[in-house]
Amino acid sequence: MTHSAVRPTPASPTPPGGHLLEVRDLHVEFRTGEGVAKVINGVSYHLDAGETLAVLGESGSGKSVTAQAIMGILDTPPAHVRSGQILYQGRDLLKQSEEQRRQVRGKEIAMIFQDALSALNPVFPVGWQIGETLRQREGMSRADARARSVELMDLVGIPAAAKRLGDYPHQFSGGMRQRVMIAMALALNPKVLIADEPTTALDVTVQAQIMDLLTGLRRELDMAMILITHDLGVVAGVADRIAVMYAGRIVEHADVRSLYRAPAHPYTKGLLESIPRLDMRGQALSTIKGLPPNLMRIPSGCPFHPRCPYVQQVCVDVVPHDLVLGDGRTSACHFAQEVHDDSAR
Amino acid sequence: MSDFETVAATENQAARRGVSGEPGAPNQVGVPQKPRSLAGHAWRDLRGSPIFWISLALVVLVAAMAVVPSLFTANNPRDCVLSRQHAGPSGGAFFGYDFQGCDTYSRAVYGARASLLVGALSALLTGIIALVVGMLAGYFGRWVDAVLSRVIDIVLGIPLLLAAIVLLKRVSSSSDNVRLFAVIFVLAVLGWTTAARVVRSSVITAKEQDYVAAARMLGAGNSRIMWRHILPNALAPAIVVLTIALGSFIAAEATLSFLGIGLKAPTISWGIDIDSGRVHMRESATPLVVPSAFLALTVLAFIMLGDAIRDAFDPKLR
Amino acid sequence: MTAPASPAKVRGETILAVDNLVKHFPISTGVLFQRRVGAVKAVDGVSFELRRGETLGVVGESGCGKSTLARMLMRLETPTSGRATLEGRDLFRASGSELRRLRRNMQMVMQDPYTSLNPRMTVGDIIGEPFDIHPDAAPKGSKSKRVQELLDVVGLNPEHINRYPHQFSGGQRQRIGIARALALRPEIIVCDEPVSALDVSIQAQVINLLEQLQDEFGLSYIFIAHDLSVVRHICDRVAVMYLGKIVEIGTEDEIYERATHPYTQALLSAVPVPDPDARTDRTIIRLTGDVPSPADPPSGCRFRTRCWKAQEVCAREEPHAVPRAADPHPSACHFAELRPTTH
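Protein chains in written order, with this note's numbering: chain A, 1 to 345; chain B, 1 to 318; chain C, 1 to 343.
Excised from the complex, chain A in its bound form:
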């Protein structure tokens, strides 16, 4: 006997006019020859102007798929959006035609990816690639597009930008390539930037530079940002709010300080306790036992129950809905309050 009830996530008050970007109860599945994988199971979150939302999860949590659904770049088939809404400035993107979605893609909502080398076309110079967006979408002349490209490359901190317009992607280092990708994303002045694991493939010193750049740009251009990552350290440095995902669901939603101080979901708690920390010489790391679930056979009730130290019978039978804790935090756990109290100790 399983049932689920979903309420809108109230982690921050709704501004007049609604949220800038809002995902409501999204369900996405992947139909493959081996079965149907339920990749997103009722995900809701929102983003307002000027804030940074971090979507945290490991592989298989569905964090990237949600972003791809927002951008409309999911491969359909095998992906199918079963239900839900994606509201941008109040309009449901899922109900729009491909042409209308193209208008939004890049111009209003832009995305940067983990691997700049595969996101950039290796046979065209970077200046041409940045300029192409401007020429196609804004109708700029070649000269104007060139000038703006140089501006953008300067903005993202590429030294001697004018001279590097003609260089090819492979002539840049990893960090520089990432900057080029960011410049391309910013070309049309989007209001929302989705960054999907932007620094995972980079060295730690470069990672720090890029994260600084992103936070600086966000402030300067007054953009909203969704940062998708698995790195709890990176999130702590930049995010305002965090949505933690597991098995295609949001299991916890809170502002960043509350989450780190006292997580209210066993998964978040387990993650925080299991990562080695630079500032603490630890004894044996506490671990989350077991393995991430097979998305074709998600456990009944709470998907985390096979690995959870707080598990009880109700967790096996009933899918937890979002429990609202104080200050607008939510946690999808039957024992959220206890977990929170344990963490706060």
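Honestly, the hints are just simulated from the structure, not real lab data.
Values in this document were obtained by computation on a predicted structure and should not be read as measured data.
With a straight-line cut-off of 20 Å between C-alpha atoms, the simulated SDA-like cross-links for lysine to any residue are:
1) A:Lys289 with C:Pro158
2) A:Lys289 with C:Asp152
3) B:Lys264 with B:Gly101
4) B:Lys207 with C:Thr115
5) A:Lys289 with C:Asn157
6) A:Lys191 with A:Arg137
7) C:Lys145 with C:Leu184
8) B:Lys264 with B:Asp275
9) A:Lys163 with A:Gln129
10) A:Lys163 with A:Arg146
11) A:Lys289 with C:Val200
12) C:Lys145 with C:Pro158
13) B:Lys207 with C:Arg120
14) C:Lys309 with C:His320
15) A:Lys163 with C:Asp290
16) A:Lys163 with A:Val150
17) B:Lys207 with B:Ala236
18) B:Lys207 with C:Asp112
19) A:Lys191 with A:Asp212
20) B:Lys207 with C:Arg75
21) A:Lys107 with A:Gln136
22) A:Lys107 with A:Leu87
23) A:Lys95 with A:Glu29
24) B:Lys264 with B:Asn177
25) A:Lys289 with C:Glu211
26) C:Lys143 with C:Leu184
27) B:Lys207 with C:Leu76
28) A:Lys163 with A:Pro122
29) A:Lys289 with C:Ser196
30) A:Lys95 with A:Asp25
31) B:Lys207 with C:Ile133
32) C:Lys143 with B:Arg224
33) B:Lys207 with C:Met121
34) B:Lys207 with C:Pro119
To list a few chain A residues with every Cβ distance to chain C over 10 Å, as calculated:
35) Ala79
36) Val81
37) Leu117
38) Val123
39) Arg137
40) Leu155
Quick reminder that beta carbons are idealized off the backbone N, C-alpha and C, glycines included.
Please arrange chains B and C on chain A, whose structure you already have, making use of the hints.
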């Protein structure tokens, strides 16, 4: 340093197990699963492919014709009576009779044997040469590769038919078996190059794999690595190429026999029949069409089979 | 609970000594006749010691040479020059049966659990292969038993001996790799980024396993990683590499609390810490520019092109990793000094 035996016997085994002990992603906890190798996965993919079944059926059919032709026709293909020249279908001779009064259908059925024999043995011999050359070139690299690759280039540059003609003309023996093996040998010696290149490139790829480095670090010698680690992984693309090559060897044999330098009468071969059918095409087209159709379908079957196997083995689709 | 060490083996003695190891990869041009035009100086004079029972971490970013170093130690690459002494024997001069014996004593756990296991071999075959190559390592007939014990020791179910790697998750495959490395009972295991390719929640499991195994079997680890948090957790001593050289080496405490080399300080400063309040508390150092090419490293101190302390002497004279006034552990900087590192 404590013994593995003692340690294994202690009670903290369960505590040490951070995992529930079950394999992860593909199967869920508690569900027993038969171990499935990559070949097993390939088989499962093949099972669902209609092209695979159709081509397999055709191949089995042709093979049956080659092995037990009497199952398919009661008539003796060498029972040729001139009075029946170009006669119409009658009594088991579904397609009538040819210029010599032989049963066209029966000759086509019996012709399968020569074609398949040549195809299969040539492919086998080609495979052996290609595996050896490709493995040595790919594994040892450097000058060994440089020399062997040039050899491949040279042989590749030799026009197959021209060389076959030159070589086969020197075979003066009229013994059927000698001619048969001569054709097999010539085809294999000229046709191994494509397969060798395929083997070489998959050996080069396999050589760079982490698990090969791991074996080397354990102290494995070259022969062990080549045999245990590289060969199995280089075999799959080779099998695909060889299956397709089988088809083209059959076509090549038919071509050589058609030209009169391959198999010769009294051996029964589609190529020979196509040649004589061509000569007397005006009087009756059937003796030309029937062996041609058999040949075309057989070659097609092998090529389709090779395609289906290649798709099933393609790791990218996994 | 550590079993008492057998008399000949003393905890703390040096079991591996590496002296001035160099690996230059030649760059050649030319179609017909290759001409050497330069070299990628991947490893350019690395020296360190590994003591029994300790974990030595080697950290650095991409291009620093740590992977090449690991490959040389495993004799997958031949060094251009330099020595390594294992069990009192010259590691790079050994060949034939002597090399085979040395290999039994030093094994490796590789980074990528998806490519380090032969997909066409069963787990039992993979872990049993060391015994096939070295039949004297397992008394006749006991190979199967040994393999099952190894599976158990790394926390896998011994009944899965006939399964194939693709039926296991990433973390489990890494355990299989660890079992394979343990089979010959080596004294040293080189771990080349063993947890980088794993999910965060699985990393902890594997790290714990490595620590347990170290305690139980008296192993010594060379732990190569780029994740400084993981390294701090598991390592006793740490060597920091930059562009083919060790720029600083010391105990975990010395490096993380009292780093004196600017690169180490920048590295530590860049590591994100999972604490939102740390945003304002930490001293942040941001390096500018790119890492120079290892084919053309800067003269003198290699780090000087990105260093905020660089002076003229840094371009003239290469600093060696020697004990410095600021703190007694070796550091390769003319101006080595402590910085207030608040984490």
